[in-house]
Amino acid sequence: MKIEFILNGKPTKVEAPEGMNLLNLLREQLGLTGTKCGCDTGDCGVCAILLDKRLVYSCLVPVSQLEGHQVITIEGMQTPDGRLSDLQESFLRHGAVQCGYCIPSMILAGEALLLRNPNPAREEIREGISSVLCRCTGYQQIINAIEEAALIRQAKLKNQPEKDMERAND
Amino acid sequence: MTELKYIGKRSRPEDGLEKVTGKARYVGDYYLPEMLYAKVLRSPLPHARIVKLDASPALQVPGVLAVITAEDFINHSNFGWPVKDAYALAWKKVRYIGDPVAAVAAVSEESARAGIQAILIQYEALPVVSDIHHALDPDAPIIPDTDAPGTGNLTNSHLVRFGDPDPILENCDVVLEETYFFKHQEHAYLETEGALAIPEQDGGLTVYANDQSPFINRDNLVTLLGLPVEKVRVIQAYVGGSFGGKDDIGYQSSAQAGALALKTQRPVRLVLTRTESFLASYRREAMEIKIKLGASKDGELKAAKVNLLVDSGGYASMTPLCSWRASVHAAGAYRYQAVHVDTKSVYTNNGYSGAMRGFGNPQALGAIEQAVDELAYQLKRDPIDFRLQNCLTTGDVAMTGNTVNQTVNLAECLRMVQKRSDWDRKRSLYASNQTGNLRRGIGVACYFHGSSLGGEGADYATTTLKIEEDGLITLTSGLTDYGQGSRTVFMLIAAEELGIDIARIRIMRPDTQTGIESGPTVASRSTMVGGNATRVAAQRLNQVLYWAAAKAFHCQPNQIHRQGDLFYSPNEESLKFDEVTSLARQMGLSLYVQGKWQMPIFTWNFDTGTGVPYHCYTFGAQVAEVEVNLESGRTRMLGVWAAHDGGRIIFPQGASGQMYGGVAMGIGYALTEHFSYHQGYPQALNFHDYHIPRANDVPPIDCNFIQCDHVDGPFGALNLAEPMVISTAPAIANAIFQATGKRWRTFPLTPQVILKGSDNPDLDTSNACKKGLGLA
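For the protein sequence lines, the chains are Z and Y, in the order given.
Quick note, the first sequence lines up with residues -18 to 151 if you use the working numbering.
Quick note, the second sequence lines up with residues 2 to 777 if you use the working numbering.
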């Protein structure tokens, strides 16, 4: 079937089998391998992407439901000139990355959370990323990274200097 | 400790940029022209003879280009270490559900699946051994081949003999005798196992694998495929987590993909599904540990006797070594007058067991740390106070009879978590009468963990360093990084020793053609062994540069001193690092060096159970605070406080990450990760059945390192990674005891255990297994 949707900000036309899921469309057909497969049964969350700014498991989204919608993957997180997003920077600063396999969807989970709740409490961050499994990190540095990115975003809105917002205790 | 320039400072993970941008390519992310997809036919029965196997019908399936069985390898595909009882594809019989029998390569995943379904196979079901207590019965069905070691289903046995505990135990004021149970634990790395094999023009093979040790993989491929060693190259792709789990299964998958690539002369990629990963790969050994522990009434531990019964499953894999590590830690980090340990590992049809983070020690310490707590309770002693009275300190004799001469900071770790957790106040608060359904408790456990391989084998690594024409320095190591941060550690050590910015160092991916064989990346040995090798390499490179600078300054090399990037003569003339490098080049000196480091030699006598098991240890303690809901049986984690005595910390964020991750894995082991078998049928097939901790299951973790410069470590560093997982589960069990007044002496402490005393689903999962393996 033919589908038109917005992928990482670009109008995209594809021809895909009707039964295909978004995960396979991204990886097999569009070559976007930043989105990973961890179980293919909707349990682990490492295939999560943003669909209309909400975090969803791409393995559970049939391509037939994509028409006209907006999809953002990890490849769409950098600025057009290639700079890292604030969350990507923050993940690096906090050493929140170990094997890295869940990290693309963790960053998108953080993004989805901050879009709907720009000023989350730590417990809200914990809940907000609970749909994505990580086996390496114990989540703490990921939570620190998202918390700091939120503070920096808030500071930018209020025109405060960024530097003071960085937290060092990992 | 002196402050260093790079080591111990905040730094970024070396490969973080590729990982946060999604550009890091794992095995499953490679798509090559003409690439074929492999799929493996696996046994749906726990124990059976293969009566008939005709693979040829697979070739009639459209899109299938090749099919292989054990006969397509040398010696029926037999491999394995330390016991050579494994097969790339099963020969004559299958020993567990998921045992691989044949493999196909096809143009698509769908064709490959249809291909394995077309294979004609007939099994004759054999009686199953699922209960470890009956594996050694005289009439038990025999699982291994006749030439396997031991007798019948005995995989291996171990012993520890330090003094004679029996007469001492007879005279102890208090003696505790209890049995503790441990189910299997699945690694549950988010990336499943896989390999991509590419045939080369010269008849050889290049394999990208997410394996534990590329050199072992290469040597297995050489043996199984009959290729000369120079024609097999193994490159480690990014690895999505391992925790000990991508050892044998990685070599097995690589051999399957490799044979198919040679047969089709096209690239072949094999990536396991999650259910295949759960069923076909190995996991942490289930164990039953019996402990007899005696103390005097004033609280001095006197003697211990420990018996371990270990479930090896269908193959030996690393169980012989895991059970040894369990044996030499089984009485814990305490002073005793005498200790005996007797261990037996047995073959069963319960999947197969092997290496997993901690390598037997989480079970060993998981048992003794509950037993010590029980004894403290009997003696009406505070659990931390009791441990402080008995725990190892510098110069003490360990449970294996060897003197621990290194600086031991175990007591400091216990005091640290006592203070940080507000232990004294909470302990007495929760001891007072609690009412209602929500009960709180706080518990402690401590650990010691032998560093590196110990008595398991030769323990060395080699790092190479080369100053390139562009002034950058390339580093190779034969050791691998699955996310634990060892690559960053090596770069920091090289930068510190060479006095140059870390940005000038680039590290190559592990590759058998560029790196040098360094033994396996296991046993948390990278920082100490690989780190020392890196330091030796950097020192050798420095020697060359000092020589060149001395020649330019007309002085002796030992008269030169360094500051950062600069070399100074005795007259304070200076040359920059790059200037000295150019001079060395002009002088014709080689700017490529190898640095090898090997652990000091010591001996453990496996026959007498005596000797020195490890050159040194790491130590630590953890406190866990819980809230148990007596109505639902659920345990909520309120906090974990951890302290680790591991020498100097080189890469602080990486070290903390190891601690947070280890604690989270320990929480899963304690509370939710339930992997058991019923008549050889696995009771968990995917993340739906097997619950690893999510972010909202993990409480705040307070992370502390008691640092000191260890004599033998690079810049004073010891090990991380494995030790972090060991104490969490027993600390949680001890906290649950304070909350509920009950001990179940089993893990995981699921709601069913808390409410009903046991949790044995005993489900017939045969259809789910068939479906999960693509057979239905």
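Keep in mind the hints are simulated off the structure, nothing from the lab.
Ideal Cβ placement from N, Cα and C applies to all residues, glycine included.
Certain hints may be false.
Mimicking EDC-like on lysine to aspartate or glutamate, the simulated pairs with C-alpha atoms at most 16 Å apart in a straight line are [claimed, not checked]: (1) Lys743(Y) with Glu580(Y); (2) Lys10(Y) with Glu(-4)(Z); (3) Lys757(Y) with Glu632(Y); (4) Lys24(Y) with Glu56(Z); (5) Lys467(Y) with Asp579(Y); (6) Lys(-17)(Z) with Glu(-4)(Z); (7) Lys552(Y) with Glu518(Y); (8) Lys772(Y) with Asp21(Z); (9) Lys293(Y) with Glu179(Y).
Computed footprint of chain Y on chain Z; a stretch qualifies when at least three of its residues, placed anywhere within it, have a C-beta under 8 Å from a C-beta of chain Y [to be verified]: (10) 52 to 59; (11) 81 to 87.
Cross-check of the supplied hints:
1. As the CA atoms of Lys743(Y) and Glu580(Y) are separated by approximately 71 Å, the hinted pair breaks the 16 Å bound.
2. Taking the CA atoms of Lys10(Y) and Glu(-4)(Z), the gap is near 51 Å; set against the 16 Å cutoff, the hint is violated.
3. The hinted pair formed by Lys757(Y) and Glu632(Y) meets the criterion: a straight-line CA distance of about 11 Å does not exceed 16 Å.
4. Among the hinted pairs, Lys24(Y) with Glu56(Z) is consistent with the structure: their alpha-carbon atoms are about 8 Å apart, no more than 16 Å.
5. With a C-alpha separation of about 13 Å, the suggested pair Lys467(Y) and Asp579(Y) falls inside the 16 Å cut-off, and the hint holds.
6. As the CA atoms of Lys(-17)(Z) and Glu(-4)(Z) are separated by approximately 4 Å, the hinted pair is consistent with the 16 Å bound.
7. Restraint check: the Cα-Cα separation between Lys552(Y) and Glu518(Y) comes to about 35 Å, which exceeds 16 Å; the hinted pair is violated.
8. A threshold of 16 Å between alpha carbons decides the hint, and for Lys772(Y) with Asp21(Z) the separation of about 14 Å falls inside it, so the pair holds.
9. Restraint check for Lys293(Y) and Glu179(Y): the C-alpha separation of about 7 Å stays at or below 16 Å, so the hint holds.
10. Proximity of the region 52 to 59 of chain Z to chain Y, defined as three or more residues with a beta carbon under 8 Å from a beta carbon of that chain, is established by the 5 residues found.
11. Coverage of a stretch by a chain is defined here by at least three residues with a beta carbon nearer than 8 Å to that chain's beta carbons; for the region 81 to 87 of chain Z and chain Y the count is 5, and the condition holds.
Hints 1, 2, 7 from the earlier list are contradicted by this structure; the remaining hints agree with it.
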